[in-house]
Amino acid sequence: MSRAGNLQGSSTASWAFEHCGMTKRNIFGMALVAFLLVGFAPGRALAQSDCLACHADKGLQDAGGHNISVDGETFAKSIHGSLKCSECHADIKDYPHPEKIAKVKCDTCHSGQATELAGSVHSDGVEHPCTSCHGDAHAVFAKDDKRSAVYPLNVPKTCGACHGNNGMAQKHGLATVFPSYLDSIHGSALTKEGLLVAANCQSCHRSHHILSRKDAKSPTFKANIPNTCGICHAGITANYYDGVHGRAVAAGKMNAPVCSDCHTAHAIEQPTAAGFRMQSTPICGSCHKDKFSTYRDFHSQLGALGGYVETARCWDCHEAHDVRPASDPHSPVHSTNLVTTCGKCHAGANLSFVQYQPHANARVRKLNPALYFVRLFMNLLLVSVLTFFVIHTALWLIRSRYEQVKKAAEGGPHA
Amino acid sequence: MPEVQEAPITIQETGAKAGRFFVRFTRAQRTMHAVLFSTFLGLAATGLPLRFSQSIWARRLATEVGGFGAILFFNKLCAIVITIAFSIHVKDIFTRGIMNREKGIFWGATSMVANWKDVKDIFAHFRWFLGLGPKPAFECYAYWEKFDYWAVFWGMMVIGFSGYAMWFAPFFAHFLPGWALNAVLVIHSEEGLLAILFIFSIHFVNTHLRPGSFPMDMVIFTGVESEEEFKTKRAVEYERLAGQGKLEARLGSKPATWLVNFSRGVGAIAIAIGLILLVLTLTAYFGE
Chain Z
435 MSRAGNLQGS STASWAFEHC GMTKRNIFGM ALVAFLLVGF APGRALAQSD CLACHADKGL
495 QDAGGHNISV DGETFAKSIH GSLKCSECHA DIKDYPHPEK IAKVKCDTCH SGQATELAGS
555 VHSDGVEHPC TSCHGDAHAV FAKDDKRSAV YPLNVPKTCG ACHGNNGMAQ KHGLATVFPS
615 YLDSIHGSAL TKEGLLVAAN CQSCHRSHHI LSRKDAKSPT FKANIPNTCG ICHAGITANY
675 YDGVHGRAVA AGKMNAPVCS DCHTAHAIEQ PTAAGFRMQS TPICGSCHKD KFSTYRDFHS
735 QLGALGGYVE TARCWDCHEA HDVRPASDPH SPVHSTNLVT TCGKCHAGAN LSFVQYQPHA
795 NARVRKLNPA LYFVRLFMNL LLVSVLTFFV IHTALWLIRS RYEQVKKAAE GGPHA
Chain W
205 MPEVQEAPIT IQETGAKAGR FFVRFTRAQR TMHAVLFSTF LGLAATGLPL RFSQSIWARR
265 LATEVGGFGA ILFFNKLCAI VITIAFSIHV KDIFTRGIMN REKGIFWGAT SMVANWKDVK
325 DIFAHFRWFL GLGPKPAFEC YAYWEKFDYW AVFWGMMVIG FSGYAMWFAP FFAHFLPGWA
385 LNAVLVIHSE EGLLAILFIF SIHFVNTHLR PGSFPMDMVI FTGVESEEEF KTKRAVEYER
445 LAGQGKLEAR LGSKPATWLV NFSRGVGAIA IAIGLILLVL TLTAYFGE
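Residue numbers (our numbering), protein chains in the order written: chain Z, 435 to 849; chain W, 205 to 492.
Bear in mind the hints are in silico, worked out from the structure with no lab data behind them. Being a predicted model, the structure only gives us computed values, none of them experimental. Incorrect hints may have been included.
In the DSS-like style, the derived pairs of lysine-lysine whose C-alpha atoms are separated by at most 30 Å in a straight line are [stated by the list, open to error]: (1) Z/Lys725 - Z/Lys800; (2) W/Lys350 - W/Lys280; (3) W/Lys324 - W/Lys450; (4) Z/Lys840 - W/Lys339; (5) W/Lys324 - W/Lys437; (6) Z/Lys580 - Z/Lys492; (7) W/Lys321 - Z/Lys841; (8) Z/Lys840 - W/Lys437; (9) W/Lys324 - Z/Lys841; (10) W/Lys437 - Z/Lys841; (11) Z/Lys511 - Z/Lys577; (12) Z/Lys511 - Z/Lys539; (13) Z/Lys605 - Z/Lys577; (14) W/Lys339 - Z/Lys841; (15) Z/Lys840 - W/Lys324; (16) Z/Lys841 - W/Lys280; (17) Z/Lys687 - Z/Lys648; (18) W/Lys280 - W/Lys295; (19) W/Lys280 - Z/Lys778; (20) W/Lys321 - Z/Lys840; (21) Z/Lys534 - Z/Lys511; (22) W/Lys339 - W/Lys458; (23) Z/Lys591 - Z/Lys651; (24) Z/Lys725 - Z/Lys778.
For the chain W half of the interface with chain Z, some residues (derived, Cβ under 7 Å), not all of them [to be verified]: (25) Pro374; (26) Ala377; (27) Gly382; (28) Asn386; (29) Ala387; (30) Glu394; (31) Ile406; (32) Val409; (33) Asn410; (34) Arg414.
Glycine is no exception: its CB is placed at the ideal position from the N, C-alpha and C atoms.
Start from the sequences and build out the full structure, keeping to the hints where you can.
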């Protein structure tokens with residue numbers, strides 16, 4: 435966008451050419467006439483209006499066919515509107531200026547951002563690194579200005595230009611996270627409700643200093659994720675660090691889950707919504723395999739069936755963030771809290787009711803002897819009744835059929 | 205083994221007068237069976253997806269009918285209907301057997317209670333299966349029919365109690381220990397599975413699908429059976445009634461064609477649903 439190419443004419447020149455019956459695109463002719471018509475005093479600092487004399491022409495192109503026109507009005511309103519052209523296009527001192535001019539160096543002023551960018555995943559950008567995100571170089575607005583490409587509500591679209599479907603993300607083997615984000619609770623708050631505080635890409639990834647999640651300094655590095663989310667979700671992060679998962683992560687045990695392990699990073703759903711409730715149990719189960727395999731009572735049997743979201747999922751009883759062992763008096767599954775916890779769904783739950791074991795395993799005699807023998811009795815009953823009657827009825831069938839065939843043979847039409 | 209009465213082998217031997225029909229089941233009994241099998245099909249069709257909730261067909265069915273909530277609602281609805289039917293039956297037995305001291309309810313030839321003849325019949329029947337003896341003749345209710353009755357009776361109490369214990373768990377917890385709440389789930393699902401497997405395989409074949417009754421025994425729908433059928437299937441009862449001169453009292457009329465056709469349709473649907481559920485159960489059970 436900031437391809438400042440050759441200046442090869444002015445509106446005055448093109449006016450002259452139109453009247454001479456020549457085409458605007460005749461670059462060499464235009465340069466010549468411009469030289470004759472305008473004239474200049476060498477060494478004079480060029481004002482915006484001097485440059486716009488030529489560059490206001492909307493059709494102005496350089497030798498490579500790139501449009502090099504500048505909308506002076508928009509530029510004047512932009513954050514850089516008070517600057518002279520030559521403050522960025524520093525190599526242009528005089529008119530006429532050389533055909534090839536240097537790439538604008540934003541870091542002359544924005545050195546901090548440039549340093550951050552140089553150390554980020556975007557350091558190797560082939561395109562101009564600043565304008566890729568900030569948009570048209572002559573229409574850069576403050577980030578709290580609606581017209582800015584980095585205004586919070588515009589950030590996802592700006593990043594999505596590359597990190598969306600079929601974009602650069604695929605070329606670089608990255609996940610196409612843009613659609614997932616748009617459908618997420620953050621994305622819909624931002625796009626549908628225009629909620630400025632809803633997390634957009636840079637809320638978690640930062641803007642200039644974006645690092646790979648494998649980098650320990652990245653806000654998306656696993657150990658840093660709770661604090662990154664905690665920038666907004668402070669209360670939940672505090673709860674999380676009170677719980678076993680948070681304490682494990684704080685102690686450097688990185689196999690414990692952080693926010694994104696349960697909520698995902700981009701496709702974050704409202705946890706109370708059916709979609710998340712239906713998929714949440716296997717998420718816990720992916721680590722707690724022993725508890726997941728015994729979560730086979732009616733909570734799970736009912737929960738597995740489409741559309742039924744009310745039955746208790748892991749975190750309905752164990753808490754989602756402040757997860758504590760049952761031995762902890764603050765745990766909702768501590769024996770003294772069970773009446774309250776079960777009572778959330780089961781009105782009238784009493785001390786006897788809460789002796790029910792959601793993770794009972796009738797197959798293990800040592801853990802649940804009573805249940806083990808109940809199941810054994812029921813299975814023996816089932817097997818013995820069916821075995822007896824399958825034999826009985828199979829023999830009966832064979833015998834009856836034999837009689838039938840024999841009778842038919844004896845009592846045939848000529849018998 | 206004690207002597208066993210021998211069943212007549214062919215219709216000719218019975219010398220029955222063609223065209224006579226005898227009443228076996230009253231209208232109330234037939235209605236009871238109809239209520240029982242329709243609610244049982246409903247309970248089985250809704251209970252199975254709950255029991256095998258991990259299987260693909262259970263999830264698909266749940267999605268089709270409006271989710272789990274609909275399935276559980278229907279399961280409970282059928283449970284209420286079958287409970288009412290069961291209560292009516294128990295009250296009927298109580299009134300007839302205890303209040304009115306009607307004979308033959310708790311003991312005797314027409315009782316559902318097992319007796320020595322049933323034991324003899326089981327052995328005799330097995331000997332006949334193996335070609336080691338004559339086919340035994342049966343009374344009003346044969347041993348497998350009595351087993352069906354008591355299996356349903358026991359199942360009704362066990363499945364019913366465990367079901368209501370789950371439904372109203374906090375209430376039942378007032379007088380049941382906590383582990384019993386775990387047990388009722390195991391009991392409900394295992395006993396339900398037994399009932400489903402038994403009815404859809406053993407009862408279907410014993411009563412309806414075996415040669416002689418195939419494709420179904422119409423007597424439970426029409427209430428009457430032909431004299432030949434009566435005499436072949438329950439020779440002892442026939443002889444007893446004939447000897448007591450009470451045979452004519454049991455005379456009924458030939459069932460109307462519409463009733464026969466209607467019953468055939470209903471019965472065929474019930475058997476088809478049952479067999480489909482049986483296949484689904486077996487695939488889910490062995491796929492677990």
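Tested hints:
no.: 1; hint: Z/Lys725 - Z/Lys800; result: holds, 16 Å
no.: 2; hint: W/Lys350 - W/Lys280; result: holds, 28 Å
no.: 3; hint: W/Lys324 - W/Lys450; result: holds, 26 Å
no.: 4; hint: Z/Lys840 - W/Lys339; result: holds, 15 Å
no.: 5; hint: W/Lys324 - W/Lys437; result: holds, 17 Å
no.: 6; hint: Z/Lys580 - Z/Lys492; result: holds, 25 Å
no.: 7; hint: W/Lys321 - Z/Lys841; result: holds, 28 Å
no.: 8; hint: Z/Lys840 - W/Lys437; result: holds, 19 Å
no.: 9; hint: W/Lys324 - Z/Lys841; result: holds, 26 Å
no.: 10; hint: W/Lys437 - Z/Lys841; result: holds, 17 Å
no.: 11; hint: Z/Lys511 - Z/Lys577; result: holds, 14 Å
no.: 12; hint: Z/Lys511 - Z/Lys539; result: holds, 21 Å
no.: 13; hint: Z/Lys605 - Z/Lys577; result: holds, 29 Å
no.: 14; hint: W/Lys339 - Z/Lys841; result: holds, 15 Å
no.: 15; hint: Z/Lys840 - W/Lys324; result: holds, 26 Å
no.: 16; hint: Z/Lys841 - W/Lys280; result: violated, 49 Å
no.: 17; hint: Z/Lys687 - Z/Lys648; result: holds, 16 Å
no.: 18; hint: W/Lys280 - W/Lys295; result: holds, 22 Å
no.: 19; hint: W/Lys280 - Z/Lys778; result: holds, 23 Å
no.: 20; hint: W/Lys321 - Z/Lys840; result: holds, 29 Å
no.: 21; hint: Z/Lys534 - Z/Lys511; result: holds, 28 Å
no.: 22; hint: W/Lys339 - W/Lys458; result: holds, 28 Å
no.: 23; hint: Z/Lys591 - Z/Lys651; result: holds, 26 Å
no.: 24; hint: Z/Lys725 - Z/Lys778; result: holds, 22 Å
no.: 25; hint: Pro374; result: holds, 4 Å
no.: 26; hint: Ala377; result: holds, 4 Å
no.: 27; hint: Gly382; result: holds, 2 Å
no.: 28; hint: Asn386; result: holds, 5 Å
no.: 29; hint: Ala387; result: holds, 5 Å
no.: 30; hint: Glu394; result: holds, 4 Å
no.: 31; hint: Ile406; result: holds, 4 Å
no.: 32; hint: Val409; result: holds, 5 Å
no.: 33; hint: Asn410; result: holds, 6 Å
no.: 34; hint: Arg414; result: holds, 6 Å
The earlier numbered hint that this structure contradicts is number 16, and it is the only one.
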